[in-house]
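K.L.:
Here the sequence shown stands for residues 18 to 140, where the numbers follow our numbering.
No lab work stands behind these hints, which were simulated from the structure alone. Glycine residues also receive a C-beta, built at the ideal position from the N, C-alpha and C atoms. Errors might be hidden in some of the hints.
DEER-style ranges, computed between Cβ atoms [what the hints assert, rightly or not]:
hint	residue 1	residue 2	range
1	Pro138	Ala95	42 to 52 Å
2	Pro137	Asp83	20 to 30 Å
3	Gly49	Pro127	16 to 26 Å
4	Trp126	Val50	12 to 22 Å
5	Gly32	Arg121	40 to 50 Å
6	Ala58	Pro140	36 to 46 Å
7	Pro125	Ala95	15 to 25 Å
8	Pro138	Asp85	18 to 28 Å
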Amino acid sequence: MSERGRGPAHERGAGTVVAAGLAMALLLLLGGVLGLGQAAAAASRAATAADLAALGAADAARGLADGDPCQVAADLAARHEAALTSCQVLGPWADTVQVEVSVRTPLPWPAHGLARAGPPPGP
């Protein structure tokens, strides 16, 4: 009987395959972490753009700034590389504005931000 298929000589190259598999797993994990980082950064940019657009639009709605509130919101969103997707002037005196913006990302879906701004609540 031959012992040809047994022993260390039979397992040559197995370490290379395991190392290659681990390297691929680490690359996939790194890609996932980078994707999550991109998503978090885009969400932060969208929230900031929505906040600034809502504040500017609320100033316009209250007469503290010139222009139509939703146009002001669209202009401010565009300055922050976002697109205004929704703008509503709310409140009994039409002095509160709610806006929604979207920001393009390198991922397959955009990031969204929602903000509302207006005067502080009365007594």
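K.L.:
Do the Cβ positions of Ala58 and Pro140 conform to the proposed distance bound of 36 to 46 Å?
P.N.:
Holds, since Ala58 and Pro140 (Cβ atoms, about 41 Å apart) stay within the stated range.
K.L.:
When you take the CB atoms of Pro138 and Ala95, is the distance between them in 42 to 52 Å?
P.N.:
With a Cβ separation near 30 Å, Pro138 and Ala95 fall outside 42 to 52 Å, so the hint is violated.
K.L.:
Holds or violated: the 12 to 22 Å window for the beta-carbon distance between Trp126 and Val50?
P.N.:
holds (18 Å)
K.L.:
Between Pro125 and Ala95, is the Cβ distance one that fits in 15 to 25 Å?
P.N.:
Given a distance of about 23 Å, which is inside 15 to 25 Å, the answer is holds.
K.L.:
Kindly confirm whether 40 to 50 Å is satisfied by the beta carbon distance between Gly32 and Arg121.
P.N.:
At 44 Å between Cβs, range holds.
K.L.:
Lying within 20 to 30 Å: is that true of the beta-carbon distance Pro137 to Asp83?
P.N.:
holds (23 Å)
K.L.:
The hint says 18 to 28 Å between Pro138 and Asp85; measuring C-beta to C-beta, is that right?
P.N.:
At roughly 25 Å between Cβ atoms, Asp85 and Pro138 fall inside 18 to 28 Å, so the hint holds.
K.L.:
Just to be sure I understand the hint, the distance between the Cβ atoms of Gly49 and Pro127 should be within 16 to 26 Å; is that true here?
P.N.:
holds (20 Å)
In the structure shown, a violation is registered for the earlier hint numbered 1 alone.
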